[in-house]
Amino acid sequence: MLDTTTGLGATNTRARPPMLDPALLPRAIGDAFRKLNPATLIRNPVIFVTEVVSILVTVLAGSAAGRGEPWGFQAGIAVWLWFTVLFATFAEAVAEGRGRARAESLRKARTDTQAKVLIRADDRSLWQPRGATELHVGDLVLVEAGDLIPSDGEVVQGIASVNEAAVTGESAPVIRESGGDRSAVTGGTLVVSDWIVVRITAAPGSTFLDRMISLVEGASRQKTPNEIALDILLAGMTIIFLIAVASVVGLASWNGQPPSVPVLAALLVTLIPTTIGGLLSAIGIAGMDRLVRFNVMATSGRAVEAAGDVDVLLLDKTGTITLGNRQAAAFVPVAGVAERDLAEAAVLSSLADETPEGRSILAFARDRHGITPPALPAHATVVPFTAQTRISGLDMDGAQYRKGAADSLIRAAGGGAPAALREAVDRIARVGGTPLVVAKDNRILGAIELKDIVKPGIRERFAALRKMGIRTVMVTGDNRLTAAAIATEAGVDDFIAEATPQDKLQYIRDAQGEGRLVAMAGDGTNDAPALAQADVGVAMQTGTQAAREAGNMVDLDSDPTKLIEVVEIGKQLLITRGALTTFSIANDVAKYFAILPAIFVLQYPELQALNVMRLASPESAILSAVIFNALIIVALVPLALRGVRYTPVGAAALLRRNLLIYGLGGIVAPFVGIKIIDVILQLLGIA
Amino acid sequence: MTLLGWAQIALVLALTVAAAVPIGRYIAAVADGRVTWLRPVETLFYRVGGIDPARGQDWRGYALAMLAANAAGFVLLFAILRLQGVLPLNPQGASGMSSWLAFNTAVSFVTNTNWQAYSGEVAASYLSQMAGFTVQNFLSASTGIALALAVSRAFARGGLRELGNFWADFTRVTLYVLLPMAVVLGFAFVALGMPQTLADYATATTLEGAQQTIPLGPVAFQVAIKHLGTNGGGFFGVNSLHPFEGPDAIATALQIMAQAVIPFALCLAFGRIVGDIRQGRALLAVMLGFVVVATAAIYAAEAAGNPLMTAMGVDPAMGNMEGKDVRFGLPLVALFTATTTGASCGAVNAMFDSFTPLGGMVPLFLIQLGEVLPGGVGSGLYGMLVFALLAVFVAGLMVGRTPEYLGKKVQAREIKLAMLAVLILPTAILGFTAVSLVLPAAISSIQDGGPHGLSEMLYAYTSAAGNNGSAFGGLTADTPWLNTTLGIAMLLGRFAFVVPVMAIAGSLAAKPRAPEGAGTFPTHGPLFAGLLAGVILILGGLQFLPSLTLGPIAEHFSLLTGKTF
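Quick note, the sequences are listed as chains A and B, same order. Residues 3 to 689 (my numbering) make up the first sequence, in order. Residues 860 to 1424 (my numbering) make up the second sequence, in order.
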């Protein structure tokens, strides 16, 4: 059920792997080295600069050693500069590794099956085998029990049960049939019974499975708009600090000697934002991975980011806000009938009723009146529900127990119905419920109120969303009155009653016209335009191909409620990026206090006064700052992968808390860290 | 430091902020074209210039018009300075400036810097002062304000293409804001004893019977605009320290108010233009906060005096009075210094070269922070808005949304341009200073050795790139190298900064303005003010720490150990 207090907590616990799976480590370490290739590293300007500087210092240390000069200090700096680069590439490798296991299992599903391509559309007996990778869009393919579906497509003929575990992880087979909203099939899934004819809709290499594989591997990962902007900021800061450090050469030449290149390199690398630069892509991959683990596939990182920005959530009433089927909520007896008698008659009339509504009557009678439903007696005659009579029930011990639509039963009872009953029936219908009338031997006892049950906890959920500044809008086919009643009960901000696809589309356009971002979930073909128009459109895996193409995310579990979590994951991604950026930049203050006195103390011994951390020597001060700068990347990898905790409170409260933790914390932490490293270096007798 | 001193500071600041409130409202009305009391004059200008004030310009059109106006101003001023020897109104017979000096001076006045590599009473004719400097004092100031108005409009609504009409803004700001305020202030200065005359310099016989030439001139009204327009170029070489340019404490207090009031008021005008006065107040609060802290730091550093002088038996009670005048006193010197460097004015009523190292570092650092505290007229506001965008971007992600400022999404394009703008100051300041400290032709200009010499060079480029114009002193600035490179630094600091800013404005104007909600990053209130201050210090200040360490900070700690250079 929904967890309203921790937001992501409850839902994200599913199958969460350990943060660093030891089995993945060797591969990640190997990848970390492979990623040192400057040609690929240049995509990350901060770390690229660090690598260039590392090479420079390494060469200088080597040549110093060659000339027989002291080289230990330079080599120390070089080693830790390399670690800085390696920790950054390692972070990315670990993030990618976590998705790779999933990709492997997906890849297994993408076997090169032989497809049975129909030669004539109307003849299932004439087909020729063709490799799945050679299929074209528009080919008609026969898939029979035991066959893997060769590629993505739309069922045009037949009905079959399909095991989609390869994609969704859920092994209970689902029905796929032509027409309607369950016509989409995914390549790599298995037909377990019957047969279908599928029209192929995806070119080889661009099937859903292919997209998923590259997505979870992070291979085709493109930088999201926000990431690009952040990259520019970081590159800009790198240039600023390059200028600042280069100018030291000239500045220190006045009245002294400029510091050595390794020392300047240390200053540069500690000042440029290596922490966020090193973790940025890991944060992005991990955010996508959280979504994947949550069984939602986003077609682009852009969509995940947009999810964080959403202002309006369009939610279907049925299945999202309400439980999806009507349930008994009250017994309304006519005058002269005890409520308990009505309840008992209702129970008996529903004994054989296997529909959720019928079950809910039994459950309600038990909860409300303590009536334990008896087992269906052998001598009873079941009167099944038919569309003609609209009545069902049971004949037992000479009595007829019936329930059904009000007018049908009233007619069966001879047309005589108390005015009070008509009133009750009207009232129930007016507030959005469905009235059922119960009769025993054609005597009307009263009505049962069936109503949409709002999911428990959803009201609190919407309240939390409101605090985050997100409006929830309920979309329903019900009339206005019914919709208004449910909307009030569920606590949504607005509703669209008697909604047509056109209404939805218009609502989204209007909201966007006011500058708002809209997210919605949908499954049917008629949802496709709205899904495409929405900034975040989550299509259901069980939905039509058209819906899946239109949306920018597909929910493999087909649970529209997840839209809320998708929004939270998007927000968490942005928050994590912002928090680590703030932390990284705030770190610079302490690093200045460590390095500046160390660099200039030879020139002006009085500057020792600036050494507020009382670091042991200029060498250990510089080395400690560089080591801290490298280690902080590793220390923050778990946070980058897990994401900063997100609680749905208002922006102001969120900002205050995060500024305190990551801003102020970012200023203080390195003072402590650098001092500790300095002490350790002393104890080890280094520097 | 005395209670009375603090009271003086508090009083002057309170009066300044109080005056900023109605002036802010008035400027917002001028920006809207709602002020019309000089309509005939205004329309005359439009008719002569062939301008349709209602025709809007996009950011490119606006920026190009601004560049054209300033280029014309530069050419005119350069010609006057070169030719002043043969032009009228030159009773003292000043000769034409060298082309190096004329370039530097013309750039200086066009960019609202007013760095002066010359001494006004010796090297400038009355014509240069009035038709050259005073005119540019007005025009460079209205350029800045017009730009700030255009940038403000970008936040006001969504889907805008046009930012206003430069010529209309330029004319209206000059006519309705700067001229009337300068006239009122000018009369006040005349009443306080400043000369306003075209007569020859006076000759007086001193008590010892010696002959003394006393420079005069049309001082009062030029000084009025010098402060109001945050220009800062003194009529006389020693600026407001000269008894005719800063006759008494009242005059100096008026000058402090004049140089800070329009930058403050523009924040409030911004708030009105964008329809949320709290946004303007938050920016004003940050500016004011920095001014107060900087004033306190200068006051404290100077009041502590010079330990070496104390050791020689000088009574430390007076504080460090070298280069200062008792008619102002330390508190007003501290406040004047903080506002003149914070506000990109550059007028001085004391000699920074004689400040204690830390006291001298404060004005230096204030300029390096980007001249946004409160910054020059107009330039302070748009510079501050760049920092606001960066602050929103860095920390705004932490609320889980794409960062927005006033409902406008801050994205890659804005960040790229903002970083381009932010890069200008460190490049110009640190680049030129570092080169000049190893270049023999430049080193020969430096008067002092040790860290103080570095400060002199660093201050010159800082002042130029920040378009401040104040001088630290101790530097012989009238050399081809310094005239040229300082001129380039001024051009970069003004135009290479503002063109990207205008591009940001163009980009933001076109974006829809998202409505504010509970999930929106709040950009008013103390939390944002604190964040903005932090971002200014970290993104605007950290890169200068090595240079400050090698300059004033090294000098300070050396001084404490009794070492001199």
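Check each hint, because a few of them may be wrong.
Unchecked claim - Some chain B residues flagged as far from chain A (calculated, every beta-carbon gap over 12 Å):
1. 901
2. 945
3. 1070
4. 1249
5. 1273
6. 1282
7. 1298
8. 1370
To be verified - Among chain B residues calculated to face chain A with C-beta under 10 Å, some are:
9. 896
10. 897
11. 1299
12. 1347
13. 1403
14. 1408
Because the hints were derived from the structure by calculation, they are not lab data. The model shown is predicted, which means the values in this text are computed figures rather than measured ones. Just so you know, even glycine gets a beta-carbon here, dropped at the ideal spot from N, CA and C.
Going down the list of hints, with the structure as the test:
no., hint, verdict
1, 901, "36 Å, holds"
2, 945, "42 Å, holds"
3, 1070, "44 Å, holds"
4, 1249, "7 Å, violated"
5, 1273, "8 Å, violated"
6, 1282, "6 Å, violated"
7, 1298, "9 Å, violated"
8, 1370, "9 Å, violated"
9, 896, "38 Å, violated"
10, 897, "39 Å, violated"
11, 1299, "12 Å, violated"
12, 1347, "16 Å, violated"
13, 1403, "7 Å, holds"
14, 1408, "5 Å, holds"
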